[in-house]
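J.: In the order they appear, the protein sequences are chains A and B. For the first sequence, numbering that gives the first Met the number 0 gives the first residue as 0, with consecutive numbering after it. For the second sequence, numbering that gives the first Met the number 0 gives the first residue as 0, with consecutive numbering after it.
Keep in mind that the hints were calculated from the coordinates and are not lab data. Be aware that a few hints might be false.
[Said to hold, decoys possible] Derived pair list, reagent style EDC-like, types lysine to aspartate or glutamate, alpha-carbon separation capped at 20 Å:
hint: 1; chain 1: B; residue 1: LYS13; chain 2: A; residue 2: ASP341
hint: 2; chain 1: B; residue 1: LYS13; chain 2: A; residue 2: GLU195
hint: 3; chain 1: A; residue 1: LYS215; chain 2: B; residue 2: ASP46
hint: 4; chain 1: A; residue 1: LYS288; chain 2: A; residue 2: ASP277
hint: 5; chain 1: B; residue 1: LYS13; chain 2: B; residue 2: GLU116
hint: 6; chain 1: B; residue 1: LYS13; chain 2: A; residue 2: ASP197
hint: 7; chain 1: A; residue 1: LYS215; chain 2: A; residue 2: GLU125
hint: 8; chain 1: B; residue 1: LYS13; chain 2: A; residue 2: GLU66
[To be verified] Derived list of chain A stretches under chain B, where covered just means 3 residues or more per stretch with a C-beta under 8 Å from a C-beta of chain B:
hint: 9; stretch: 40-46
hint: 10; stretch: 262-269
[What the hints assert, rightly or not] Label-pair distances were calculated between CB atoms; the ranges are:
hint: 11; chain 1: B; residue 1: SER4; chain 2: A; residue 2: GLU66; range: 42 to 52 Å
hint: 12; chain 1: A; residue 1: PRO304; chain 2: B; residue 2: PRO136; range: 27 to 37 Å
hint: 13; chain 1: A; residue 1: ASP366; chain 2: B; residue 2: PRO96; range: 32 to 42 Å
hint: 14; chain 1: B; residue 1: PRO136; chain 2: A; residue 2: LEU77; range: 54 to 64 Å
Small disclaimer: the values here were computed from a predicted structure and weren't measured. Even for Gly, the Cβ is constructed at its ideal location relative to N, Cα and C.
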Amino acid sequence: MTAPLRSPAPHVVIVGGGGTGAALALDLVLRGLRVTLVERGEITSGTTGRHHGLLHSGARYAVNDAESAIECIEENQLLRRVAPGSFEENDGLFVGIDDEDMAYGEKLFAACGETGIPARWLSPAEALHLEPNLNPDLKGAIQVPDATFDAMRLPLRWFATAKAHGAVIQPFCEVTGMVVRNACVMGVRGRDHRTERDFEVGADLVVNAGGPWAEKIAAMAGVDVPIRPSPGVLLALRGRLCNMVVNRMHKSGDGDIVVPQRALSIVGTSSWVVNDPDDLGVPEDHVQKMYDEGSKIIPAVRSAPFRQAWSAARPLIGGPGGADTGRELSRTFKCFDHMERDGVDGFVTISGGKATTARAMAETTADVVCRKLGIDMPCLTRQTVLLPHTAYYAA
Amino acid sequence: MSDTSVTFRVHRFKQGDEEPHHDRFPVDVGPRTTVLDALTAIRRSQDPTLTLRHSCFHASCGTCGMKVNDQEVLACVTNVRELGTDEVRVEPLDNAPVISDLVVDMGPFYARFDVAERPLVRESELVPGSRAAAGIPYPERYEDCIECGICISACPITGTDPTYIGPAALAAMDRVRQEPRRVDVPSILRLADDPHAAWRCHLAFECTEACPSNVDPAGHIMQLRRSLFAREWRRPSPEPEGARR
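Please take these sequences and the hints and turn them into a complete structure.
T.: In structure tokens form, the structure reads like this:
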């Protein structure tokens with residue numbers, strides 16, 4: 000068959016309706032591609048909606064993972080520009096409560112300087128003026144540009160804007176298999192649970208944006224992706240205990256952050272590794288740990304009224320065996336072109352990463368997609384101001 | 000405490016079905032199990048075709064509004080054992096088109112809600128006794144309303160008058176009156192001053208009873224009416240306090 004002189008734009012199918020899939024759908028339609036996104040449940044029903052809503056300044060990673068830290072501060076500043084009105088922009092504090100914390104604080108402050116994260120030291124009195132609920136015995140604090148976002152409503156702005164540019168978003172459409180011919184993925188098939196009818200969608204390229212489910216989706220194309228679903232427990236308390244995001248000034252650990260969000264305070268998080276991202280559970284000892292550790296930075300954590308405790312699975316990259324807490328797995332993301340890696344064409348997986356860097360993950364993935372499809376178009380998501388989240392539901 | 004078995008009687012409907020029906024599923028529930036946990040467990044191990052909306056699991060996103068034993072609730076914060084019934088009846092919200100099973104179309108909700116032009120973020124609230132950090136012009140905090148549709152489902156007027164704009168939009172309009180944030184308040188209040196808006200409510204207070212996020216829509220509707228009576232919005236007003244950035 001000969002191609003017509005002006006063939007329609009290539010069609011990309013994205014599997015997975017989380018933040019990454021949302022940002023990727025927008026990136027690709029802005030570059031002129033046709034996009035269909037299919038999601039097993041409601042959009043943002045997997046990991047995306049369940050995180051604490053921290054817009055990372057990058058300071059959490061500055062000491063041990065400069066690459067992640069730089070990614071975070073760049074995206075932090077960029078997202079405030081393209082999604083105005085979507086953040087509680089109150090900054091964050093790293094709070095030191097013992098000498099070990101303060102020693103870490105020296106390293107943290109220096110590392111923020113090296114990675115371009117604005118930071119300034121506050122005395123205990125200054126910190127308590129800003130946040131009277133802090134542990135009164137604190138020894139010092141560092142202010143950084145952390146912020147809070149609504150874990151569902153920011154991705155909804157990507158979805159809304161993608162839809163307005165022609166992306167077809169199909170929730171409740173579960174992919175059950177890939178259409179593979181001659182070692183090339185040509186589309187997806189599955190079941191639309193709104194009608195209980197089977198569907199098959201042809202594609203020039205399929206992107207697996209399944210987060211912790213990415214391994215299962217990749218298996219449908221006959222390739223192995225080393226995802227380790229690494230859940231963490233989060234605790235929501237009624238009432239705002241702080242205006243700013245409050246972090247413990249030490250290396251990443253359990254219960255080391257309190258994120259104010261709407262009328263709640265979220266204490267996070269723990270980390271372990273599971274095999275099935277659909278079956279996480281909420282271990283009681285992890286909930287207790289949130290109270291124990293969280294109350295060290297804000298004592299009122301212990302007495303604030305309980306709202307809920309839940310788990311969310313991070314999609315970390317790592318091979319089987321080895322890591323068992325998930326903390327030693329990288330928080331950066333990785334895009335796999337399965338032609339280069341496994342000899343399967345027409346199939347790309349994006350995974351790892353974190354909510355703050357979803358747009359950057361999408362940009363990298365869209366670059367790979369466009370290179371594979373022979374399209375030379377620049378990324379536009381760095382400057383395209385997003386529609387409000389409510390536009391997603393507009394007819 | 001060991002798990003106990005509870006029967007879930009769940010509303011089922013797929014596009015193309017003539018009538019909805021109900022399916023029963025036994026679920027083992029522990030002390031922490033929520034209705035949302037139970038429904039996702041049903042989907043995982045009994046019926047993968049069950050559709051429902053959910054996202055945050057902690058009453059912040061508003062997607063899992065549904066009726067449980069005839070009460071509008073967020074499934075994610077509704078503890079199964081605390082319901083105290085051997086059978087738990089689960090239905091989609093009222094006064095919204097059903098897409099499938101427990102999933103309703105939020106399009107009509109947002110078509111009305113958007114009219115209020117209420118910004119998502121407040122610019123006026125600090126934790127008591129605190130002050131804003133250097134470099135922060137004013138403190139920001141998300142509005143309480145999580146746009147779940149529960150007040151619309153619970154409202155007896157919305158059920159009988161499809162032209163009524165409903166409690167969520169009216170509460171949002173009143174929030175704009177209280178804290179304009181660069182929105183043109185008189186134009187919003189003109190929309191509220193309508194037989195199908197602020198004056199349609201007959202103060203059943205079902206919305207305030209059901210609201211999972213302490214918005215108090217009925218209280219807002221009364222305040223709106225008071226300000227409409229006073230016509231305070233018709234006077235030329237100085238620069239609204241929120242317009243600082």
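J.: It remains to establish, for every hint, whether it holds in the given structure.
T.: How the hints compare with the structure:
| no. | hint | verdict |
| --- | --- | --- |
| 1 | B:LYS13 - A:ASP341 | violated (39 Å) |
| 2 | B:LYS13 - A:GLU195 | holds (7 Å) |
| 3 | A:LYS215 - B:ASP46 | holds (19 Å) |
| 4 | A:LYS288 - A:ASP277 | violated (23 Å) |
| 5 | B:LYS13 - B:GLU116 | violated (34 Å) |
| 6 | B:LYS13 - A:ASP197 | holds (13 Å) |
| 7 | A:LYS215 - A:GLU125 | violated (50 Å) |
| 8 | B:LYS13 - A:GLU66 | violated (47 Å) |
| 9 | 40-46 | holds (count 4) |
| 10 | 262-269 | holds (count 3) |
| 11 | B:SER4 - A:GLU66: 42 to 52 Å | holds (50 Å) |
| 12 | A:PRO304 - B:PRO136: 27 to 37 Å | holds (31 Å) |
| 13 | A:ASP366 - B:PRO96: 32 to 42 Å | holds (40 Å) |
| 14 | B:PRO136 - A:LEU77: 54 to 64 Å | violated (20 Å) |
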